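Chains as they are written, first to last, in my numbering: chain A, 2 to 383; chain B, 2 to 383; chain C, 2 to 383; chain D, 2 to 383.
None of these hints come from the bench; they were simulated from the model.
Note: identical chains are not told apart, hence a pair may lie in one copy or across any two.
Computed list of lysine-lysine pairs in PhoX-like fashion (alpha-carbon distance at most 25 angstroms, straight line):
no., residue 1, residue 2
1, K159, K365
2, K259, K277
3, K365, K164
4, K155, K165
5, K5, K53
6, K277, K265
7, K259, K53
8, K265, K292
9, K350, K237
10, K364, K53
Bear in mind that the values here come from a model prediction, so they are computed numbers and not experimental data.
4 protein chains.
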Amino acid sequence: MLRKIAFVVGNRAHFARVRPIIKYLPDNSYRIIVFEAAAIQDHGGVLDEINKITNNVSVLYTNISGSNLLTMTKSTGLAVIDLAVELVHDRPDVVVVIADRYEALAAAIAARYMNISLAHIQGGEITGSIDDSVRHAITKFANLHFVSNKDCAKRVIKMGEDKKNVFVTGCPTIDICRRLPKNDPKEIFISKDSGDYEKRFILGDNYLLVSFHPVTTEKNIIENVRNFRVLLEAIKIIGLQTIWMYPNIDAGGDILRKEILNFKSMDKVGKIHFFKHFNADDYLLLIKNSKCIVGNSSVGIRESSFLGVPSVNVGNRQIGRLRCQNVIDCSMDKNKIINAIRKQLIHGKYKRNEYYGDGSAGKKIASILEKVELEFEKRMTY
Amino acid sequence: MLRKIAFVVGNRAHFARVRPIIKYLPDNSYRIIVFEAAAIQDHGGVLDEINKITNNVSVLYTNISGSNLLTMTKSTGLAVIDLAVELVHDRPDVVVVIADRYEALAAAIAARYMNISLAHIQGGEITGSIDDSVRHAITKFANLHFVSNKDCAKRVIKMGEDKKNVFVTGCPTIDICRRLPKNDPKEIFISKDSGDYEKRFILGDNYLLVSFHPVTTEKNIIENVRNFRVLLEAIKIIGLQTIWMYPNIDAGGDILRKEILNFKSMDKVGKIHFFKHFNADDYLLLIKNSKCIVGNSSVGIRESSFLGVPSVNVGNRQIGRLRCQNVIDCSMDKNKIINAIRKQLIHGKYKRNEYYGDGSAGKKIASILEKVELEFEKRMTY
Amino acid sequence: MLRKIAFVVGNRAHFARVRPIIKYLPDNSYRIIVFEAAAIQDHGGVLDEINKITNNVSVLYTNISGSNLLTMTKSTGLAVIDLAVELVHDRPDVVVVIADRYEALAAAIAARYMNISLAHIQGGEITGSIDDSVRHAITKFANLHFVSNKDCAKRVIKMGEDKKNVFVTGCPTIDICRRLPKNDPKEIFISKDSGDYEKRFILGDNYLLVSFHPVTTEKNIIENVRNFRVLLEAIKIIGLQTIWMYPNIDAGGDILRKEILNFKSMDKVGKIHFFKHFNADDYLLLIKNSKCIVGNSSVGIRESSFLGVPSVNVGNRQIGRLRCQNVIDCSMDKNKIINAIRKQLIHGKYKRNEYYGDGSAGKKIASILEKVELEFEKRMTY
Amino acid sequence: MLRKIAFVVGNRAHFARVRPIIKYLPDNSYRIIVFEAAAIQDHGGVLDEINKITNNVSVLYTNISGSNLLTMTKSTGLAVIDLAVELVHDRPDVVVVIADRYEALAAAIAARYMNISLAHIQGGEITGSIDDSVRHAITKFANLHFVSNKDCAKRVIKMGEDKKNVFVTGCPTIDICRRLPKNDPKEIFISKDSGDYEKRFILGDNYLLVSFHPVTTEKNIIENVRNFRVLLEAIKIIGLQTIWMYPNIDAGGDILRKEILNFKSMDKVGKIHFFKHFNADDYLLLIKNSKCIVGNSSVGIRESSFLGVPSVNVGNRQIGRLRCQNVIDCSMDKNKIINAIRKQLIHGKYKRNEYYGDGSAGKKIASILEKVELEFEKRMTY
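Start from the sequences and build out the full structure, keeping to the hints where you can.
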């Protein structure tokens with residue numbers, strides 16, 4: 002009998018890890034459980050994308066509105082409840098969770114408390130902020146670990162995990178990076194996917210991409226606004242066409258979205274274009290062709306290293322993550338950010354670095370998920 | 002201004018760790034948040050005990066009835082929600098959670114997701130079962146670690162925790178063990194606290210104490226019943242007066258309670274006495290004076306080692322926990338259990354072993370909680 | 002295509018209304034959604050009974066432990082959430098809810114908020130306490146009303162419901178009453194179903210049946226205990242063999258169960274036998290053969306009138322319910338209760354009264370549920 | 002001792018009923034419990050307005066994101082849970098709920114299940130849709146009824162409520178209507194309150210006001226979009242300056258908001274201005290000065306009748322509500338809507354009608370809440 006695999010997808014980035022895996026799985030062997038932000042994204046969002054690929058989808062509404070620490074925490078609790086009920090309906094043999102966001106832990110708890118085997122993608126990395134706690138806590142629940150590289154494997158094993166359950170597969174998003182079209186499109190058609198409405202403009206080949214998220218552990222949420230404004234000022238002074246991604250729904254996200262609306266309503270020059278989301282292919286293609294990626298998203302460290310795109314990482318959100326040579330770090334200071342970007346613009350493309358994967362993760366993970374002996378108990382080694 | 006400390010208490014064992022600490026804290030500096038089993042115990046239960054000591058108590062009803070894996074998981078989700086709301090009302094500076102039960106993780110998540118500092122008692126131990134995952138996951142969230150001994154400290158640090166946040170204090174229940182009355186009471190008065198009803202009998206000085214809980218990760222819940230019956234047969238053959246504790250509310254608990262009722266209704270000899278709970282002092286005194294403690298509770302490994310009481314540990318529930326020389330391990334086989342108990346009865350008392358603490362934990366922990374600089378972010382070391 | 006009917010069952014009494022209906026429905030046309038008390042009853046409980054009859058069962062764990070007003074209210078909220086998710090999985094055409102307990106309203110809300118047609122059994126009755134509010138609130142949500150008699154129909158219509166949606170079918174439990182075996186068993190074999198353990202004794206033909214539940218709207222929960230003790234004293238003085246049913250899980254139930262345990266442990270005479278539950282057939286047969294039914298359960302007013310069993314109704318719980326000539330009402334006064342019981346013992350059996358149904362409700366309701374045009378909107382008439 | 006009154010506020014319209022009441026209450030006698038949409042509105046929203054008036058505010062995050070029937074239902078369940086916990090913290094003597102939205106019932110349940118007295122404003126009205134069921138269900142729970150007029154009182158009493166608990170006070174929003182400034186402002190300054198960003202323009206004295214909400218009981222959510230577009234076409238053809246309010250968060254709200262964004266991005270003429278919200282004074286002043294109010298909001302029937310503003314009510318959402326002579330009803334047909342608006346523009350202002358209140362409701366309700374004897378049980382009369 003086919004093994005039943007459930008992938009738990011809380012946002013667009015999660016699905017970008019899942020899609021390269023399910024490509025190698027028979028359609029009747031898996032189910033996508035969509036929850037949190039992924040369940041409520043606007044039309045044109047990740048849910049539409051998933052529905053195009055498969056009918057094996059369950060949608061759980063677990064996000065409590067408010068975008069603050071309390072609602073983030075309550076949403077996690079509600080997600081545990083809803084996932085538990087869903088797992089009784091689905092009865093998968095193994096649940097796969099991704100990375101380190103607050104809601105991913107809900108899925109890990111639901112699976113393992115109910116004696117279902119758990120696989121984790123992207124364990125052993127380091128970043129900073131609450132994400133570290135979440136990621137390593139999931140590691141302590143997982144029966145199978147699909148990690149990006151040997152450093153991650155080493156860290157997972159050091160935390161007491163059994164070597165035989167740790168697989169260095171690379172990160173599946175690198176699979177997508179590897180398969181991006183070679184020729185750079187001179188005109189980017191930005192369609193409904195982009196959020197508010199259809200919009201088309203010639204991006205040219207000289208643009209920046211910015212992705213800046215709230216830091217949920219900032220003592221003062223206002224700090225996030227201050228930092229957003231510093232970054233905005235810097236980007237304005239650089240003066241290039243810029244694609245700027247909306248923040249995620251974490252605590253503080255609402256207030257940054259407000260800032261964006263304020264800026265948009267007063268913007269005269271119109272060189273900064275804000276977008277809610279792209280599908281993973283378009284997004285990574287936009288990054289690949291950009292002159293520099295700026296912000297505090299993990300994509301500025303992980304995928305950009307494979308793509309060889311110059312990156313300026315600002316603030317503390319990615320503080321612990323191992324960066325390759327394409328990243329310049331920068332505190333939240335306008336002039337420092339400007340200087341760092343200019344330095345990157347002069348430098349141009351870096352050499353491809355396969356630290357986060359070589360493009361074969363999906364196939365490897367699919368094959369292991371199908372065949373490895375599943376355990377429901379864990380033994381740790383010390 | 003006084004620092005505000007919130008202790009989260011999910012069961013009687015949790016409060017046995019908390020009581021030796023609050024003894025050293027000013028009454029207006031702490032609050033006890035009671036939830037899960039501790040909130041719903043019968044009158045005479047731990048909640049009554051807590052209410053006698055302090056008025057700073059919040060009671061959260063988070064246990065969803067059913068005593069199965071699904072309700073255990075849903076209860077965890079509901080606990081995250083209720084604790085989050087409670088922490089907004091209380092606004093403590095630091096939250097203290099105990100050990101490794103499923104509900105303790107709910108408290109860790111609620112605290113740290115809301116940027117409140119987290120202290121953890123009993124990190125770094127090893128047992129087996131899902132408890133290991135829960136305990137180490139809490140460690141990954143905790144800012145302060147109060148561990149039982151150097152082995153535990155080493156393990157916590159190996160998992161990436163910063164040495165300066167790990168304190169070898171011993172376990173606070175050992176404080177209670179140290180202060181137990183010296184003279185062995187020949188008659189044990191077992192009152193309302195004992196569960197169903199008032200009962201008084203002369204226990205004498207030749208009795209066993211049994212504590213046997215369901216193993217939630219058993220593939221088949223029936224396995225727990227089978228094991229219960231094996232143990233019961235063994236104890237009947239030993240033929241001594243026996244105090245047998247009811248199981249906890251974990252998945253499988255209901256079915257074991259049913260077994261107890263069945264047995265009670267057919268019991269002719271009446272040497273086995275079942276009890277729902279005692280307060281910690283009475284319980285540890287009963288253990289101290291027993292000839293042997295039998296079962297799969299941690300008390301048969303941890304507190305018994307300090308008390309020098311012979312212990313027979315059955316099955317896998319405590320598989321990884323470091324035991325001192327007073328413990329004989331035993332598979333779930335009737336004859337092996339009988340032989341092990343007989344061996345222990347012949348051996349008699351062991352020497353006190355301070356591996357799990359020397360009786361000064363409460364004072365040490367209280368002092369650190371009051372004075373240590375609290376962090377809200379964590380940095381891990383690798 | 003077959004219409005899909007979902008019956009929502011929260012306790013044993015609910016299922017006693019549902020069973021006579023599903024008898025007339027094709028097995029693949031309905032589903033039983035079991036929740037609240039019905040989901041967590043001990044083995045031998047109503048869930049076992051349901052599972053014997055059909056596989057179309059969903060079990061939702063919605064009861065939050067504690068048996069107090071807060072947990073009763075929270076359980077209702079959790080039931081709304083779980084039922085909503087379940088209805089998405091099931092997608093029934095019509096949901097059927099029973100009577101007036103707090104959890105029944107949760108089902109009514111879940112169905113109608115999600116635009117599913119709602120049928121209600123036992124609308125238009127009057128009792129007293131919060132039950133009146135719940136029952137009539139459900140009436141305001143229901144699209145179809147299956148009522149016991151013309152008085153109920155009149156009341157439902159007066160509240161603004163459309164005449165064409167109100168069906169006088171009688172109550173389905175009367176169907177069971179009508180079909181009870183004619184010959185009175187002299188020996189009652191009371192088996193595992195009875196709660197704690199197997200028990201067999203000769204009941205004879207001279208016994209009382211007592212059913213006494215907490216009144217959740219008593220200002221002081223202690224009032225319930227006082228009343229319980231008054232009733233117990235009265236029954237002891239009557240001195241007959243007595244079958245006494247445990248109270249339900251409403252707020253206050255725990256404390257009455259405690260009282261029962263206390264009494265049992267001190268009972269010398271042993272004429273009062275406490276039982277957790279019987280299946281509906283056995284229960285109604287026990288009532289039919291009893292000399293008098295005493296307490297504050299609706300069965301002492303509704304089913305007893307059809308069975309012609311003398312009934313003494315105590316306190317306010319059933320204050321508004323229309324009683325037939327077989328009922329003597331009584332305040333919570335020991336001597337008044339004793340006198341009322343004695344009067345009934347002298348009187349003996351009453352004539353059958355078909356006020357609450359004539360035994361054909363199941364067939365009628367099944368037929369309407371299958372064929373009536375379902376509405377999803379409601380128009381009220383004023 | 003001062004009686005403690007808790008007002009439960011789920012949206013801006015609720016607070017417009019509460020504000021005229023608390024004006025007459027001592028500040029330490031009441032608390033505003035803010036939940037659902039009111040808790041998550043953007044800055045400048047109703048929560049800011051409330052915080053300016055009093056510090057006695059509790060904010061509960063109970064809205065589950067998604068704006069569909071499932072999330073609406075789940076939000077109701079979560080609201081019951083959160084309100085129950087809040088009422089334990091607050092312990093009010095009486096809870097006041099407003100009107101007929103899905104979340105208001107959650108407050109009614111929480112209060113009465115916990116034996117707290119319940120007052121209801123706006124009972125006995127008729128509209129259509131699920132709102133009727135909700136409103137009358139709340140009536141069945143309420144101990145006190147503050148109704149708009151004698152027709153409402155009659156209906157509430159007919160449903161079995163005791164005459165002595167029904168008070169014809171008028172609706173408190175009419176109090177605000179009565180006190181609006183007399184002189185019509187020629188320039189409307191529309192500030193941050195208006196949603197996205199600050200905006201100022203000369204409205205003049207020749208404009209329409211449109212308020213159109215999704216109908217949650219439409220079989221097909223697409224129906225709501227179709228109707229929105231019909232209305233938009235009609236308004237474009239009328240060609241006047243138009244203030245158009247965003248829809249509420251009910252199921253279907255998201256999709257209408259999307260429509261608005263689509264329209265805004267293609268709008269060349271710019272005569273239609275969309276706004277998220279105004280405070281009640283500004284909103285009612287805008288209505289007062291408008292040439293005609295168009296849509297399916299209750300304000301087009303209730304407040305407009307007192308203000309004498311011509312109103313065109315479209316579709317079924319207000320189907321059962323009693324309208325005064327200022328309202329023309331209209332199906333969702335473009336030409337019919339255009340004709341109805343033109344007819345109203347020609348007619349101009351109507352005479353004030355005090356059917357929904359005379360402007361003294363706040364004072365009357367405050368006085369009754371302070372002095373009336375509170376009941377916790379209900380007796381219904383039939």
